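Chemist: The residues making up each chain are set out below.
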Amino acid sequence: MSRQSNRATDSKKMNSELFTLTYGALVTQLCKDYENDEEVNKQLDKIKFTSHVVLHRFFQEGCAAGKITNKMGYNIGVRLIEDFLARSSVGRCHDFRETADVIAKVAFKMYLGITPSVTNWSPAGDEFSLILESNPLVDFVELPDNHSNLVYSSLLCGVLRGALEMVQMAVDVRFAQDTLRGDSVTEIRMKFIKRIEENLPAGDE
Amino acid sequence: MTVHNLYIFDRNGSCLHYSEWNRKKQAGISKEEEFKLMYGMLFSIRSFISKMSPLDMKDGFLAFQTSRYKLHYYETPTGIKLVMNTDLGVPNCRDTLQQIYSTLYVEYIVKNPLCVLGESLQSDLFSSKLDSFIRALPFFSVRAA
Numbered sequence: 001m002s003r004q005s006n007r008a009t010d011s012k013k014m015n016s017e018l019f020t021l022t023y024g025a026l027v028t029q030l031c032k033d034y035e036n037d038e039e040v041n042k043q044l045d046k047i048k049f050t051s052h053v054v055l056h057r058f059f060q061e062g063c064a065a066g067k068i069t070n071k072m073g074y075n076i077g078v079r080l081i082e083d084f085l086a087r088s089s090v091g092r093c094h095d096f097r098e099t100a101d102v103i104a105k106v107a108f109k110m111y112l113g114i115t116p117s118v119t120n121w122s123p124a125g126d127e128f129s130l131i132l133e134s135n136p137l138v139d140f141v142e143l144p145d146n147h148s149n150l151v152y153s154s155l156l157c158g159v160l161r162g163a164l165e166m167v168q169m170a171v172d173v174r175f176a177q178d179t180l181r182g183d184s185v186t187e188i189r190m191k192f193i194k195r196i197e198e199n200l201p202a203g204d205e
Numbered sequence: 001m002t003v004h005n006l007y008i009f010d011r012n013g014s015c016l017h018y019s020e021w022n023r024k025k026q027a028g029i030s031k032e033e034e035f036k037l038m039y040g041m042l043f044s045i046r047s048f049i050s051k052m053s054p055l056d057m058k059d060g061f062l063a064f065q066t067s068r069y070k071l072h073y074y075e076t077p078t079g080i081k082l083v084m085n086t087d088l089g090v091p092n093c094r095d096t097l098q099q100i101y102s103t104l105y106v107e108y109i110v111k112n113p114l115c116v117l118g119e120s121l122q123s124d125l126f127s128s129k130l131d132s133f134i135r136a137l138p139f140f141s142v143r144a145a
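As they're listed, the protein sequences go chains H and U. Residues in the first sequence are numbered consecutively from 1, following our numbering. Residues in the second sequence are numbered consecutively from 1, following our numbering.
To be clear, the hints were calculated from the coordinates, so they are not data collected in a lab. Since the structure is predicted, the reported quantities are computational estimates derived from the model, not experimental observations. Cβ coordinates follow ideal geometry from the N, Cα and C atoms, glycine included. Accuracy of the hints is not assured; some may be wrong.
[As the list claims (entries may be wrong)] Calculated lysine-lysine pairs in the DSSO-like style (CA-CA distance at most 27 Å, straight line): (1) U:Lys36 <-> H:Lys67; (2) U:Lys51 <-> H:Lys109; (3) U:Lys111 <-> H:Lys71; (4) U:Lys129 <-> U:Lys31; (5) U:Lys51 <-> H:Lys105; (6) H:Lys194 <-> U:Lys31; (7) U:Lys51 <-> U:Lys70; (8) H:Lys67 <-> H:Lys109; (9) U:Lys58 <-> H:Lys105; (10) U:Lys24 <-> U:Lys36; (11) U:Lys58 <-> H:Lys191; (12) U:Lys111 <-> H:Lys109; (13) H:Lys194 <-> U:Lys58.
[As the list claims (entries may be wrong)] Take a look, some chain H residues computed to stay more than 10 Å from chain U by CB distance: (14) Glu17; (15) Asp95; (16) Phe96; (17) Asp101; (18) Ser117; (19) Gly125.
Using the sequences plus the hints, can you model the full thing?
Modeler: Here it is, written out as structure tokens:
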């Protein structure tokens, strides 16, 4: 085992461009992979490649890449929450408003260096929006027209969903607005679904 | 003063890790059964305590002691539960348990993508770090055991 990490290196800030570019490479690769999948199917059929097929293909790619990054985000989130709790010494939240505050002011700050604003509360207090003035993931990105269906930063949705699930909250997370797709701000909409109850494992006695 | 043993449970009740140092009396049942018994007791204590408390609680269950030993309990918001048994002379151990969580469990288990969460921990690195951490505690002393 060659792991030499210690707490001292943790405080060192990593260049965020590296993260942004790595994420960009990941999304690009996913889009390519899906192109290839389709390509194989279409190989014998190349002559019939009409623009309609191309559009259809890109639509599927966009959705598929979004779904995969969301799933990856989820897997990151279920681990990231432990790191977050260990570092921040934030305790259990008692309502969704407190959760919203912690996400925006502590978690986003810690991992992305930004503090989104929390707005648009539903009257029931079970739904709110995070407005991101800047999204570090998209620093160098311009969505080509043929990827207009790609939810580029859907990784973030997955991270939020996974992390909150680990603290017993089932939450629906989606992008409501995205500057990449021409909106004026980036808005992540979060909806509280239910509290996940902790059960005594079924014993064999 | 001494440390007897330490359990780590996940939120589903599986025992992720167990190690012992100065435990003179074994339970006389299989470890599997012991983990279930321990988790069941912790689960009941938590629910008992939250129902009995006349006020809203912040941290809930912290510790209990008998004539011979003291059980220290720490639970993270994600439901990871750390349980350490010591003798009676050891003061409040929440900081110690919190440290085990943040500097050992998170560092060597959560950040190791090869460690599957929710399964019994196989990492030798984690075990050896934990062992040296416990042995370095000011109240860990084999001599006094």
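Chemist: Now tell me if each hint is right for this structure.
Modeler: Cross-check of the supplied hints:
Restraint check for Lys36 (chain U) and Lys67 (chain H): the C-alpha separation of about 38 Å exceeds 27 Å, so the hint is violated. The suggested pairing of Lys51 (chain U) with Lys109 (chain H) is violated, with an alpha-carbon distance near 37 Å, which exceeds 27 Å. Using a Cα cut-off of 27 Å, the hinted pair Lys111 (chain U) and Lys71 (chain H) holds, with the two alpha carbons roughly 18 Å apart. A threshold of 27 Å between alpha carbons decides the hint, and for Lys129 (chain U) with Lys31 (chain U) the separation of about 22 Å falls inside it, so the pair holds.
For the given pair, Lys51 (chain U) sits about 33 Å from Lys105 (chain H) by alpha-carbon distance, which is inconsistent with the 27 Å threshold. The suggested pairing of Lys194 (chain H) with Lys31 (chain U) is violated, with an alpha-carbon distance near 35 Å, which exceeds 27 Å. As the CA atoms of Lys51 (chain U) and Lys70 (chain U) are separated by approximately 23 Å, the hinted pair is consistent with the 27 Å bound. Note on Lys67 (chain H) and Lys109 (chain H): the hinted pairing holds, with a Cα-Cα distance of about 25 Å set against a maximum of 27 Å.
For the hint linking Lys58 (chain U) to Lys105 (chain H), the alpha-carbon distance of about 22 Å falls within 27 Å, and the restraint holds. For the hint pairing Lys24 (chain U) with Lys36 (chain U), the CA-to-CA distance comes to about 21 Å; that is within 27 Å, so the pair holds. Between Lys58 (chain U) and Lys191 (chain H) the CA atoms are separated by roughly 26 Å; this keeps the pair inside 27 Å, and the hint holds. Taking the CA atoms of Lys111 (chain U) and Lys109 (chain H), the gap is about 20 Å. The hint holds against a cut of 27 Å.
Our distance criterion of 27 Å between C-alpha atoms is met by Lys194 (chain H) and Lys58 (chain U), whose separation comes to about 22 Å. Residue-level check passed: Glu17 (chain H) sits 22 Å from the nearest beta carbon of chain U, beyond 10 Å. At roughly 13 Å, the least C-beta separation between Asp95 (chain H) and chain U is larger than 10 Å, which holds for a residue marked as non-interface. The claim that Phe96 (chain H) is not at the interface with chain U holds, since no C-beta of that chain comes within 10 Å of its own (minimum 15 Å).
Residue placement check: Asp101 (chain H) keeps its beta carbon more than 10 Å from all beta carbons of chain U (closest about 15 Å). Residue-level check passed: Ser117 (chain H) sits 24 Å from the nearest beta carbon of chain U, beyond 10 Å. With 10 Å as the threshold on Cβ separation, the claim that Gly125 (chain H) sits away from chain U holds: the shortest Cβ distance comes to roughly 19 Å.
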